[in-house]
Amino acid sequence: MTLPIPSGTRDVLPDEMRERQGVVTALRDHFATCGYGEVSTPAVEYASVLERAGIGPSEDAARPRFRTIDEHGETLVLRSDMTVPIARLVASRFGDVEPPIRLSYLAHCYRGILPGRGEARELLQAGIELCGAGAPEGTAEALTVLVGALRAVGLDGARVAVGDAALFPELLDAVGVGERERAEILHELATRDHVGLEREIRAATDDATAALLLDVAARRGGPEVLDQLEDPRAREASRGLRQLLERIDDDVRSHLILDLGLTRKLGYYTGAVFEVYAPGQGHAIGGGGRYDDLLGRFGRPLPAVGFALDVDALHTALVGVARGRWRVDPTVIPNGGSAA
Amino acid sequence: MNRYGLRIAVPRGTMLGDALDHLDRVGIDTSEVRSNDRKLLFEDAGIVTMRPSDVATYVEAGAADVGITGKDVLMEQRGRDVVELADLGFGPCRIVLASVAGDPDPAVEALRRLGIMRVATKYTGIAGRFFEETGRQVELVKVNGSVELAPLTGLVDAIVDLTATGTTLRENGLVEREEIAFSTARLIVNPAAHRLKAAAVDELRRALLPAAPGA
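Chains as they are written, first to last, in our numbering: chain P, 1 to 340; chain F, 1001 to 1215.
Next up, chain F with everything else stripped away, as it sits in the complex (with noise of 0.2 Å):
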């Protein structure tokens, strides 16, 4: 177990090497996790690792104490009964509206001509309440991955994903439209952990950000 005691969560996929610098200077040694991409659960570290969108739910549940997600994935599953403690401020991505390049937007004619859009993504509860607030119908398309293939296919007229450089978009022919949300990791705690290990909480809270106002 680390030196805080913690059960700490923490997302494979492109936020995990940052996740671990994090822990590093803090002074959890994640040596054992880089060396390892098949193992999940390292006591010595007091770490599991899981895909991002899975964090919220073992802190949740408390089978984790603390950990670290995208904003993304806390928005997309409004209603976890987390504690969200900080921001971390690494893995900045954009969550945007995105549609076939050129003039005019497919998206704005299918809504103009048909009344509705089809729209697809795997973030359907953020879209989902994008589209109410902005007073437009959609109808939802909810893929697993490679979004980017259902406008060039004719199965939606626009998407809503994740982008950090806009790269993907782009060599897909591809063209943002609009923000609708900007997102960085997080440090996340389960709210009994919250009450009952307080002073270790708050001590790796003041670690990580060793600037913080008010810490």
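Only chain P is shown next, with the shape it has when bound in the complex (with noise of 0.2 Å):
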């Protein structure tokens, strides 16, 4: 008899197992070597509580979509990510540790998922929070752990694009855009849309301005696409950036892709975000980024930053490029990009 299970869930097997125990030695090595504190926190939690973090709009991958009410009446949900379960154990069980506190986890989260787009439901995270620690040093720590966490696990070839939330809004106010049109614009930015940002843009403000952000919004590669930016209000809205390359060593810069028109979608990052590729996979295998605000919100008000992988994709990656040659061809290394 075969009984199902649900959709973007599975079993995992022990030829499966004992491989995926491997990534996940390596990583919680690599954490414990780095100074991280692995901690555990329930997969539910009540709902009013995560609410705290203030996510938004309905689309938000980080927005809880399993509830369920307890004995008492009490809306309980499961977890969606572990930076928000960590934002309250912080504030609630290290009060009056001094910072930085460096924590460090691996945990199973729970997510709404789109049919027939082979998303997990479940996802198994490894990750670490950096709270107490702000940019750019907290950040280009960070950002060093994950690099060395992408080796530790054999996966050297993946790269970071590195991006700032709080850029492209900067430059926004430097240029005057209004109110309205800002928020159609990164809504635009945010969807990955360029055609749309283009439309908006120029609906926005002048010829030349237009022409500015359009340029800052596609720059991606390496510290030339900073160094090349001219305009001083573009210099200054990614002074961010250029402080957080001048912390990070040689070995480090060259796993990042830097993207000036990154944004991530999820509502409580305030700075630096990154997205991980490793090649071989179309989609980002981990994340993460800064959220300064997210923890006073919880009521400790620390700086923090944070990223997390997604375990399975690491080992998908791992396993390699067994589905045809039309893969992303994994002896192709980026060698830095360009502006258009």
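Warning: the hint list may mix true and false statements.
[Claimed, not checked] Coverage of chain P stretches by chain F, computed from C-beta distances (three or more under 8 Å per stretch; other residues unrestricted):
1) 188 to 195
2) 213 to 226
3) 282 to 290
Read the hints as simulated data drawn from the structure, not as lab findings.
Every residue, glycine too, gets a C-beta built ideally from N, C-alpha and C.
Make one complex out of these two single chains by using the hints.
Structural data, given as structure tokens:
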């Protein structure tokens, strides 16, 4: 008899489990070596507590999708990420601890899925949160741990796209774009619709300013994409990324792809944002960023930064390009990018 | 592989000719694609061909780096994680609400007297959002082809479908009642390729859009 399990979930049998365990062990060892202590939190939390994170729009991946009512009538949710539960944990259990606080986790998270896309309802995440270390030092440390983690599992060819969630909003303010147009422009940027982005930008400003904004939004590549910025407003808005790069060693820097148009769709990011890509994988295998306002909503205002890696995606990337030659070529390693 | 080193998903059907013309113009030899309409994968040109509605699926998964497909496909499959890089301008068509010609409009009549109208479409996503945004109750009937037949047989009161010239609607005694969206071909890119192959992607975009501002 074959009995079904919900779509987007799966059983793991010994062969896969053994290999996955190798990935997990490498990550745990690396996080421990870097001084991050592993924590565990309950999979179910009070909705009223997690909602303090202020995650708004329904399309947000970080919004909990599985809800139930407990015996007292309280709404419980299954966590959709670990960043929000750890923000709660730090405020509640580390209230007197001198920052920085370095925590790591290996935990299942639960999300809603779209049918037919191979998405996981239950995903296993491994990551860190560094609380009480601001930009740029804290961000530099998190990126260094991240690149080391990718190397530890054997994915030295993976790359981390780095953007700054504060860059474009600040640039829009500097060029004097109005409140309503600003929201439209940021929406198009977040949904990666460059056609809509150009339409909204041209409607909001003059030709010269529009050309500047579109140029910045399309810039991706190595440190040269920052060096080549000439407009003083764009240089000012990108100073966060420049300061970050100054604090990162060459080895880590060689794994980064700057993307000035990158914003993450999660509402709580305030500064640097990361997306991790592995050769052969069309989807991001991890991500993260700075969330300097989140811990304050839970009662312990501390700047913070973190990232999460999708353990099964790491495993898939390690198994490699088994699905045919038309997958992204693993031998192609980016040698810098360009500005459009 | 083509000179850009990018795998390109190209839609078969009405957009194929224009798409191949554009690729020829930027230095990709598409003669083999033109001469063979059964083969799907062309290694030398770095081209894969497929139904327009599948292009976003391949690009999102990274099975192709970039693709060409209609805005209508992207609107219908909203939420696909692809970068919409450029409006290529060709393949214009409109998504319209149409019903049997004559006055009063049978769809309006159904809404007035029955409180709901039945609408047949292949584009349930676009149609669903459109009626929700315009505050009308509808029952969507998903059909897979010859949508024009549905109102003629009494299956539905109206249809939401793609039209380029309006000829098919006219020949079936239907009339356009409202325009829902205007669509042209778009260049889309896998988010990983957009970063990992930034130089090649930007070069292809610039070549395809010689007059693009900001390029």
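Legend entry - Contradicted hints - numbers only: Violated hints: none at all, because every hint is consistent with the structure.
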